[in-house]
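The opening residue of the sequence shown carries number 1 in UniProt numbering; numbering runs sequentially from there.
Just so you know, the hints here were simulated from the structure itself, not pulled from any lab data. Keep in mind that a hint or two might mislead.
[As the list claims (entries may be wrong)] Pairwise CB distance ranges, derived in the manner of DEER restraints:
#, residue 1, residue 2, range
1, Gly750, Arg791, 37 to 43 Å
2, Gln529, Asp721, 34 to 40 Å
3, Arg304, Pro645, 20 to 26 Å
4, Gln23, Thr389, 33 to 39 Å
Quick caveat: nothing in here was measured; it's all calculated off a predicted structure. Where a beta carbon is used, it is the ideal one built from N, C-alpha and C, also for glycine.
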Amino acid sequence: MRVSIQWLRELLDTSWDTEEIAQRLTMGGIEVEAVEDAAPAFHGVVVAAIQSVVCHPEADKLRVAQVDVGDGRLRTIVCGADNLAVGQRVPLAMPGAGLPGDRDIVIAALRGIASEGMLCAAAELGLDDGSSGLLILDADAPIGADLRDYLGLDDQVLTLGITPNRGDALSVLGVARDLCALGAGTLRNPLEPMAKCSWVTSGPEEGSSTPDDFPVHIATAAQSACPSYTALWIDGVPQRLPDRLHERLRRAGQRCIHPVVDLLNLHMLETGQPLHAFDAETLQGGLSIRWAQDGEILDALDGRDLPLASDMLVIADRAGPVALAGVIGGRRTAVSAQTHSIVLESAFFQPKVIQGRARRLGLQTDAAMRFERGVDFALAPRVAAAVLTRLAILGKADLRATRSHTVLGQLPEHAPITLRRARLARILGMDYEDTVVETALTRLGLRVSEIPDGWQAISPSHRFDLHIEADLIEEVGRIYGYERLPVHRPVGTLQPLAMARGPQPTTLRGILQARDYHEVITYSFISRQAQDVFTPDADAPALLNPLSTDLAVMRASLWPGLMQALQFNVKRQQDRVRIFELGRVFSANGQRLVLGGCMVGAADRESWAQPQRAADFYDLKGDVSALLTLWPQTEFSFRPLANHPALHPGQAAEIWVADQRVGMLGALHPTLAAECDLDKSPFFFYLDIECLDGLVNVSRFTPLSPFPALRRDMALVIPDDILAGTVLNVMRLSASGMVKEITIFDRYQGASLMVGTYSLAFALLLQDAERTLTDADVQAEMDRLLVAVQRLGSIGLRA
Numbered sequence: 001m002r003v004s005i006q007w008l009r010e011l012l013d014t015s016w017d018t019e020e021i022a023q024r025l026t027m028g029g030i031e032v033e034a035v036e037d038a039a040p041a042f043h044g045v046v047v048a049a050i051q052s053v054v055c056h057p058e059a060d061k062l063r064v065a066q067v068d069v070g071d072g073r074l075r076t077i078v079c080g081a082d083n084l085a086v087g088q089r090v091p092l093a094m095p096g097a098g099l100p101g102d103r104d105i106v107i108a109a110l111r112g113i114a115s116e117g118m119l120c121a122a123a124e125l126g127l128d129d130g131s132s133g134l135l136i137l138d139a140d141a142p143i144g145a146d147l148r149d150y151l152g153l154d155d156q157v158l159t160l161g162i163t164p165n166r167g168d169a170l171s172v173l174g175v176a177r178d179l180c181a182l183g184a185g186t187l188r189n190p191l192e193p194m195a196k197c198s199w200v201t202s203g204p205e206e207g208s209s210t211p212d213d214f215p216v217h218i219a220t221a222a223q224s225a226c227p228s229y230t231a232l233w234i235d236g237v238p239q240r241l242p243d244r245l246h247e248r249l250r251r252a253g254q255r256c257i258h259p260v261v262d263l264l265n266l267h268m269l270e271t272g273q274p275l276h277a278f279d280a281e282t283l284q285g286g287l288s289i290r291w292a293q294d295g296e297i298l299d300a301l302d303g304r305d306l307p308l309a310s311d312m313l314v315i316a317d318r319a320g321p322v323a324l325a326g327v328i329g330g331r332r333t334a335v336s337a338q339t340h341s342i343v344l345e346s347a348f349f350q351p352k353v354i355q356g357r358a359r360r361l362g363l364q365t366d367a368a369m370r371f372e373r374g375v376d377f378a379l380a381p382r383v384a385a386a387v388l389t390r391l392a393i394l395g396k397a398d399l400r401a402t403r404s405h406t407v408l409g410q411l412p413e414h415a416p417i418t419l420r421r422a423r424l425a426r427i428l429g430m431d432y433e434d435t436v437v438e439t440a441l442t443r444l445g446l447r448v449s450e451i452p453d454g455w456q457a458i459s460p461s462h463r464f465d466l467h468i469e470a471d472l473i474e475e476v477g478r479i480y481g482y483e484r485l486p487v488h489r490p491v492g493t494l495q496p497l498a499m500a501r502g503p504q505p506t507t508l509r510g511i512l513q514a515r516d517y518h519e520v521i522t523y524s525f526i527s528r529q530a531q532d533v534f535t536p537d538a539d540a541p542a543l544l545n546p547l548s549t550d551l552a553v554m555r556a557s558l559w560p561g562l563m564q565a566l567q568f569n570v571k572r573q574q575d576r577v578r579i580f581e582l583g584r585v586f587s588a589n590g591q592r593l594v595l596g597g598c599m600v601g602a603a604d605r606e607s608w609a610q611p612q613r614a615a616d617f618y619d620l621k622g623d624v625s626a627l628l629t630l631w632p633q634t635e636f637s638f639r640p641l642a643n644h645p646a647l648h649p650g651q652a653a654e655i656w657v658a659d660q661r662v663g664m665l666g667a668l669h670p671t672l673a674a675e676c677d678l679d680k681s682p683f684f685f686y687l688d689i690e691c692l693d694g695l696v697n698v699s700r701f702t703p704l705s706p707f708p709a710l711r712r713d714m715a716l717v718i719p720d721d722i723l724a725g726t727v728l729n730v731m732r733l734s735a736s737g738m739v740k741e742i743t744i745f746d747r748y749q750g751a752s753l754m755v756g757t758y759s760l761a762f763a764l765l766l767q768d769a770e771r772t773l774t775d776a777d778v779q780a781e782m783d784r785l786l787v788a789v790q791r792l793g794s795i796g797l798r799a
């Protein structure tokens with residue numbers, strides 16, 4: 001949100017300069033993202049009156065004007081603007097003036113006629129407001145006045161980052177109110193005089209100033225959704241807003257649309273109350289606030305015909321919906337250049353009635369943004385009165401009919417919030433005097449009363465974010481000043497980690513980073529097509545109103561996001577990519593924490609010491625095995641996987657612990673790799689961290705044996721249908737305590753072996769903690785292991 005300092009000072013009497021205002025706002029929780037000048041530097045530009053205009057004798061597109069700048073003589077100006085006309089007041093850059101972009105103005109001849117300056121468009125002065133042609137000023141703009149002084153351009157604009165919970169700060173009044181609470185000065189609330197309007201409190205059945213030719217009805221079912229609705233029939237609307245209001249709108253980042261619409265936008269920016277105007281002559285009958293019927297259509301102002309649902313609140317006349325409540329109006333009743341009477345709407349809609357409706361229809365409006373966050377429920381009638389007062393001044397407007405509905409008992413009620421002294425001191429780290437706390441809360445508009453152990457406070461109607469004690473503690477700290485809070489060293493109690501708790505994420509990340517992987521963070525939303533490629537049977541939730549088809553469902557796997565990141569890097573000439581992500585995947589039953597990764601390219605970085613080779617399945621398995629060493633007390637097994645839709649049937653495996661699958665790894669199917677424009681198949685893996693967290697991962701100390709260890713090798717000839725992992729697992733399960741380690745160090749398959757067999761060589765490390773092993777001990781253990789593996793099939797010793 002953009003806030004003009006000049007506008008802010010109209011509502012706040014303060015001695016703080018712009019720098020201090022920005023610093024205090026940021027420290028008070030409303031971040032000032034930027035401070036910029038309201039207009040670029042220029043000089044020598046004055047207000048001029050056009051006295052006469054004739055065509056240039058030598059150029060069809062140029063005209064010659066005589067202008068008056070108030071010094072007693074007329075100046076000749078050659079100009080090509082289409083909207084130049086007699087009687088206008090326009091900016092004139094005098095000879096010697098300097099315009100933005102280092103542009104200097106001098107007397108110059110254009111097609112034989114000397115031009116004594118230049119008439120300026122808004123864009124040429126850095127005041128671009130979307131208009132074309134000359135910048136036309138008010139008819140009563142003082143001739144000869146310096147334009148910077150006349151428009152008040154020596155101003156600064158704050159760009160504020162308003163957090164979603166602070167809907168009350170989405171207005172100049174809200175920012176001024178917050179600065180007042182921070183001690184900046186005295187607030188000048190422009191709405192205070194409007195609270196005494198006689199029609200502000202009229203109820204739906206009172207009939208005060210409610211003629212039958214303009215009925216307004218709130219359906220019973222909609223009264224809780226719209227407990228406050230003000231409608232004013234106003235005859236006579238302005239055809240132009242003063243220059244100072246145009247400037248105010250420009251500095252707020254808004255474009256001029258129509259005098260009435262612009263005025264309503266200004267009041268919304270000033271007070272935070274969204275407003276809407278209907279062309280009164282296009283309304284058929286009165287207004288009805290009701291729920292939409294399924295299948296109804298709203299001809300929205302953005303040019304689309306919006307399909308409405310039964311959970312959408314609409315404003316309707318006899319012919320159908322004329323506005324989607326709190327979001328957007330309709331074209332049929334839109335204000336136009338032919339509008340002479342309007343029906344002004346100022347209402348309070350419950351946030352839950354507006355939330356999600358605009359996004360569902362692909363809309364984003366200032367009104368919806370404010371109503372979703374919460375608008376002051378006591379504001380609508382007073383802002384309507386303020387608009388009426390301003391319209392009467394600008395356009396001689398007359399009030400024909402008034403309808404103000406306030407459904408008693410259904411306006412929001414703020415329950416008292418208890419703030420305990422002890423809790424306040426504990427959270428903020430210091431004791432506060434009662435006057436400090438009471439002053440801070442009172443400045444924020446809360447009604448405060450003292451109780452034995454603290455205070456009770458009722459928040460004002462504009463603060464929808466104050467509900468619990470922690471909210472009040474935050475407000476006290478914010479107003480007192482976060483920078484003034486004491487600094488303490490943290491105090492805590494060290495406790496040993498639970499035995500079943502898994503490694504910390506930093507440990508997992510550290511292992512992968514040490515193995516040359518880079519961490520990425522991808523979207524939790526992916527396209528349905530990508531989901532179907534990697535997990536076709538996933539039951540992950542789909543979004544009701546996705547931002548795009550590429551973000552339609554919640555991910556059931558990390559692999560689609562990793563694949564997208566890998567493609568992004570490969571297309572940018574990154575031949576060797578290793579990435580991982582630690583994130584959550586989703587299903588209909590909830591969400592799980594998963595570690596996923598992928599790799600493609602060379603196994604190692606380029607080096608003079610060894611030739612490069614392409615990474616393969618076993619490189620990835622080595623990286624995964626390094627992660628699994630964090631669970632030293634757990635036996636993991638890798639089982640072949642031949643039916644995964646996205647993986648190569650001969651280069652894929654599952655990771656199991658007992659009867660539970662905890663992960664998967666493998667090469668991308670070559671067909672998919674080709675579809676993704678990859679020359680080589682990348683390799684993927686994932687580990688279910690939540691499953692692994694239940695495993696014991698703490699190493700236990702075992703005393704070192706003082707007796708020597710012996711190594712024996714065993715080469716076995718194994719049928720092709722028996723997996724190496726199966727043989728290794730049987731040997732480990734059958735080994736006695738003297739076998740400390742069994743590893744495979746060689747695999748052979750060739751002419752010296754029978755067809756359909758292969759050879760594995762195992763290294764066995766044997767050691768006893770109480771004695772030196774003999775050859776007989778070792779041989780007996782070797783024989784026992786051989787007998788165990790022979791139960792798997794026709795396995796024998798290799799000669």
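A quick look at each hint next to the structure:
1. Gly750 - Arg791: 37 to 43 Å: violated, 27 Å
2. Gln529 - Asp721: 34 to 40 Å: Taking Cβ atoms as reference, Gln529 and Asp721 lie about 38 Å apart, which means the hint holds.
3. Arg304 - Pro645: 20 to 26 Å: At roughly 39 Å between Cβ atoms, Pro645 and Arg304 fall outside 20 to 26 Å, so the hint is violated.
4. Gln23 - Thr389: 33 to 39 Å: 36 Å Cβ-Cβ, so the 33 to 39 Å window holds.
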